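Colleague: Sequence:
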Amino acid sequence: MPVCGRYKILFPNLIFGKTVNKSSSFFSVCIYSRKAISSWLSKRENLFFVLLIVAHLFPIWFFKYFPSQDGPAHLHNASVLREYYFPERSIFREYYLLNKNLTPNWFSHLVLAGLMHLVPPLVAQKLLLSGYIILLPISIRYALYAIRPDAIFLSFLAFPFIYNYVLHMGFYNFSYSMAMFFFVVGYWLKHQNHFTLSRVISLSILSLLLYFCHLFSFVTAYVAIALLTVWLTILDLAPQVRQQKFNWRSLGRVLRMRVLVPLCAFLPTLILVVMFLSRKSTVNSDIDTSRLTWKHIYYLLSLHSLVSFQKPEFLLSIALAGLFAAICLYVLVAKLAHRQINVWDGLLLVVVAYVLMYFIAPDKMSGGGNIKQRLLLYPFFILMLWFGAQSYHWLVKQRIQLVAVGIALMLLGVHTIQYAELNSYLEEYVSGMHLIEPNTTLLPLSFSNTGHAPDGKVLSDRVKPFSHASGYIAVQKKDVVVLTNYQAALDYFPILFRSQTNPFLHLSIGNNSSKADWGIEAEPPRVDFLNYPQRTGGKVDYVLIWQVLEGHRTVENTKSIFKQLEEGYDLIYTSPQRGLMQLYRRKDWS
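Going from the sequence shown to this note's numbering is simple: count from 1 and add 528.
Everything labelled a hint here was simulated from the structure, so no lab data went into it.
All values derive from a computational prediction rather than experimental measurement.
Take the hints with a grain of salt, since some may be wrong.
List of simulated lysine-lysine pairs, DSBU-like, C-alpha gap at most 35 Å [claimed, not checked]:
#  : residue 1 : residue 2
1  : K1115     : K592
2  : K718      : K563
3  : K1006     : K1087
4  : K1067     : K1091
5  : K1087     : K985
6  : K985      : K654
7  : K718      : K925
8  : K1115     : K1006
9  : K823      : K863
10 : K1005     : K1091
11 : K563      : K654
12 : K1067     : K1087
13 : K839      : K985
14 : K654      : K1006
What follows is a set of in silico ranges between Cβ atoms, one per label pair, in the way DEER data are often shown [claimed, not checked]:
#  : residue 1 : residue 2 : range
15 : L937      : P1061     : 50 to 60 Å
16 : R572      : P966      : 49 to 59 Å
17 : N629      : K1091     : 38 to 48 Å
18 : W822      : V747      : 21 to 31 Å
19 : D983      : F804      : 46 to 56 Å
20 : V578      : H921      : 23 to 33 Å
21 : S730      : W568      : 15 to 25 Å
22 : L650      : M803      : 27 to 37 Å
The C-beta atom is built at its ideal place from N, Cα and C for all residues, glycine as well.
Could you build all of it, start to finish, from the sequences and the hints given here?
Modeller: Below, the structure is given as structure tokens:
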């Protein structure tokens, strides 16, 4: 394909309004591209959209560490994946195995491992997060455009969702899957009436990418497409039924277009899903029907999945939920007044389905947690698309944008302040890492995963940023095995612990059959590490103690930990900032 032909693909009508001539030279294509970008940015709405994306990148690049619960573990395991066969990383091969199954949750690890070939690990994480921050609003804008080109003003509603609870939990794969959800659904919405072979292949590739990001968003996307397919099929056949001209040939034609062709695109992904589920011998869930009442209704109506750290986020999440309620009311009143129903009102069926899934689904299943917090976002995502199918007065459009941008900027300000405070504590957490020798093991024991300020204030109400912060030590030391690497204890991540030395089986005290009962992650931790070498042949070279609270000092598990430290370890470092971190090394160190 000529160069200009490739640029025709890169700069589609969606962005610039027209394509370049195939006879253009490379130089003229570059000139055209620059002019097209300048013309696109000359529109105030587009310029503000870009500036908001740039503003939301600020907290990622300004602070050294991104405060999340599981993010450091993703980073560490991506580093292990990249360096597993390096000769100097023999410690990795002693404790870890590579998972050779094609399972979900691989996306962020592969991207991070690839980026680490070019940049340091902390920069790789910033690039990964930046990609998500850029793609989420763009994907929502793309899906809105597929429904109605003049609906892209609603893409400003995407910005308050960027820094959500799921992202702060460190669920990087799932975060990317939200963007991929909109690309898959948006692509189907755009082409559902006229699929060609190339479009079927494109949809198949998008579906595979969504699968490798996260199985959960894959399911929600397929539920949306299935329900809309049924809705649109009914609309296609309704005129024939009313006119009593129904025939089986027309039904076959509609089913071929609506069902068979998209199914061909989804078939490769569905095969992978069946293979993945067939390896899961049981599906464990912890549903408690007595609790599926007011609390979950309250969480849904207050958009609780935007709350990660402190109360100000809660107030702003309620404000955003109120904005969605106001838009719903406006649209419904307008529909009743004009007695209008359009083809995309079927999206309300998807909203209802997601709400039912939210109430029915357990919060944990097959090792995955926070299912309800993830599901809670999707009714609002589909509502955005439904809003996009409606008509608005220009003044209403302007007010929706102003309120959405205002909430987004206030949330951004709140998170920036929180990141500044948490980075101060994360710096203290990693401050002794220079004393850790190569090819060693580290056992981090956190007594305060949420963190406490000197005045007793909890640093984070929901997310636990110190739970797996040891991953930041591991990626900067590069050749350290973290014995609390929870991902290596599960079967759907790229890195697995060897069974004979798995610390979650041989070091934790408690019922290790359930992630919820892992003693190694409890507060205070329940561990027997002094005898770990005799039981497994492994070793615990260093023990990191983080913020022992006064209430924990009298607990038997805490006393046991410090007794083991006294018998087998020397204190080699105490953090000078607040004294919250102590680093111990085994006494027989040579």
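Colleague: Decide, hint by hint, whether the structure agrees.
Modeller: Structure-based check of each hint:
1. K1115 to K592: 33 Å, holds
2. K718 to K563: 27 Å, holds
3. K1006 to K1087: Measuring from Cα to Cα gives roughly 32 Å; hence the hint holds.
4. K1067 to K1091: The hint holds at about 18 Å.
5. K1087 to K985: Measuring from Cα to Cα gives roughly 25 Å; hence the hint holds.
6. K985 to K654: 29 Å, holds
7. K718 to K925: This hinted pair holds, its Cα atoms lying about 23 Å apart.
8. K1115 to K1006: 24 Å, holds
9. K823 to K863: 32 Å, holds
10. K1005 to K1091: 28 Å, holds
11. K563 to K654: Given pair K563, K654 holds - Cα atoms ~30 Å apart, limit 35 Å.
12. K1067 to K1087: 21 Å, holds
13. K839 to K985: Holds, at about 13 Å.
14. K654 to K1006: Cα-Cα ~18 Å, so holds.
15. L937 to P1061: 50 to 60 Å: 54 Å, holds
16. R572 to P966: 49 to 59 Å: Taking Cβ atoms as reference, R572 and P966 lie about 55 Å apart, which means the hint holds.
17. N629 to K1091: 38 to 48 Å: 41 Å, holds
18. W822 to V747: 21 to 31 Å: 27 Å, holds
19. D983 to F804: 46 to 56 Å: Between D983 and F804, where Cβ atoms are some 48 Å apart, the hint holds.
20. V578 to H921: 23 to 33 Å: 26 Å, holds
21. S730 to W568: 15 to 25 Å: Roughly 23 Å apart at Cβ, these two residues keep to the hinted range, so it holds.
22. L650 to M803: 27 to 37 Å: Since L650 and M803 have Cβ atoms about 35 Å apart, the given range 27 to 37 Å holds.
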